[in-house]
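As given, the protein sequences belong to chains A and B, one line each in that order. The numbering of the first sequence is numbering that gives the first Met the number 0, which starts it at 0 and goes up by one. The numbering of the second sequence is numbering that gives the first Met the number 0, which starts it at 0 and goes up by one.
Any given hint could be a false lead.
[Unchecked claim] Which stretches of chain A does chain B cover? Using the computed rule of at least three CB atoms under 8 Å from a CB of chain B, they are:
| no. | stretch |
| --- | --- |
| 1 | 114–121 |
| 2 | 191–199 |
[Stated by the list, open to error] Among chain A residues calculated to face chain B with C-beta under 8 Å, some are:
| no. | residue |
| --- | --- |
| 3 | ASP110 |
| 4 | ARG124 |
| 5 | LEU126 |
| 6 | LEU164 |
Simulated from the structure, these hints should not be mistaken for laboratory data. From a predicted model like this one, the values you see are computed outputs, not experimental measurements. From the three backbone atoms N, C-alpha and C, an ideal C-beta is built for every residue, glycine too.
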Amino acid sequence: MAAAVSPAHDPAGDRGRSGSPDAAPKGRDRSHSSASHPASGPAAQPPRAVLEGPDINRALMRIAHEILERTKGAEDVVLLGIPTRGVPLAARLARYIEQFEGARVPHGSLDVTMYRDDLRLRPARALGATRLPSRGIDDRLVVLVDDVLFSGRTVRAALDALNDLGRPRAVQLAALVDRGHRELPIRADYVGKNLPTAKSETVKVYLEEVDGRDAVVLIKKERA
Amino acid sequence: MNRHLISAADLSKDDALLILDTAEELAAVSERSVKKLPTLRGRTVVNLFFEDSTRTRISFEAAAKRLSADVINFSAKGSSVSKGESLKDTALTLEAMGADAVVIRHRASGAPHRLAHWVHGSVLNAGDGTHEHPTQALLDAFTMRRRLGGIEGRRVTIVGDVLHSRVARSNVLLLNTLGAEVTLVAPPTLLPVSVHTWPCQVSYDLDAVLPKSDVVMMLRVQRERMNAAYFPSTREYSRRYGLDADRLARLPEDALVMHPGPMNRGVEIAAEVADSPRSTVVEQVTNGVTIRMAVLYLLLGGAV
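Only chain A is shown next, with the shape it has when bound in the complex:
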């Protein structure tokens, strides 16, 4: 649909036709001008890698240091990854924390599917794994780990899920990418990269453990 072309692309289109005195009035007739213009439209842009392999690990190392700093040695910390990609991220953070200070931080996974607020918008989906460390989460400092922080709804679901599993001393949040557009009063304590995005864009995280490579990719939404 030509009418749906974002305004950001219009100046370029107008400049291209600036030689003609009729360009300005015709530019308003978008359905006509851009339909015949093959280069216009966001669908033409290739996905952009925002973080490559080593960048992700650098960001995680920094988060690991921040966790050690903020929790004074990560003594009673439990890292819980939210499936799918939060789980390997939590495992990597635990590895880095051990590397840096020798502290063994228990890590596990917390599936939030059954607590989501959008279950009825889609067909029932398969559940992820919930694996808590053997000593549980009571009176511990739980750091939730997720790949992308977006609306905040997943984190809300995770807080509800935690509530049914025990009573942590405190809960913090680590996200590899914070892409903004929060719909709930939730913020991250540790962020790998703040990534300003348009709501129509998609952020995809690829991890070695799941996808065979490390990358964070920004995908412009294709328009139908």
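With chain A held as given, fit chain B onto it using these hints.
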């Protein structure tokens, strides 16, 4: 997946594995201190039981409550059914009360199938006559998978009153879908005439089949459905088709003994066998709640 669960044959291999995998994750809920998930808040599940049941009704009720659904229990005794109300009128009453799912047990084979045409919600077959009992087959498969590590290629022997057993039919269908080799063992009088069309082997000799079995599932002799003499005496049935300690010893060492319950101790299964560590009877009940949670979640949890 289908909107209803009426027959084990409705389930593709992917559907069945999805249910088993979902149950695997939900099993942990029964072990934690807060045994509840908010997933089906605001949904109503009606237990419509026209036939006596302990296990299945309580199991469905517990499963629905653990998912926070509202549960309405309906048993034919003490309801307008005893005044002669038809199944259809009962169904329309439930529909008007806003049931999102109806769990039905009925003495007539095919009742859940009819019901599915009358109500908008999901229909779950909890046993219809001598036809099917799909959630029992699912919980049996779940029990086998947890104990044996897998179902594909396993040899399952189902022994006893196959003719009157909805459990046997559902198990044969589901286990075949999941890749197990099923053998039915029964006196010829207790096998349905169409058994040659079922995806399984048939034998009349229990002792010959036992050493080649990974699982032996004993069926209850259903006297309440027997309107003729199917075998000379209980004693003779028990000698030829009952599982006693001698026969248990002939099974491979890690083979399982299953029974859907209620058991006739001393008829199809000896008390010492029922209580042996090889028997999964109690485990099957626990797994029943879990598998029914999985089914209710997958049928009602998403967009309808």
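Structure-based check of all given hints:
| no. | hint | result |
| --- | --- | --- |
| 1 | 114–121 | holds (count 5) |
| 2 | 191–199 | violated (count 0) |
| 3 | ASP110 | holds (7 Å) |
| 4 | ARG124 | holds (7 Å) |
| 5 | LEU126 | holds (4 Å) |
| 6 | LEU164 | holds (6 Å) |
Of the numbered hints listed earlier, the single one contradicted by the structure is hint 2.
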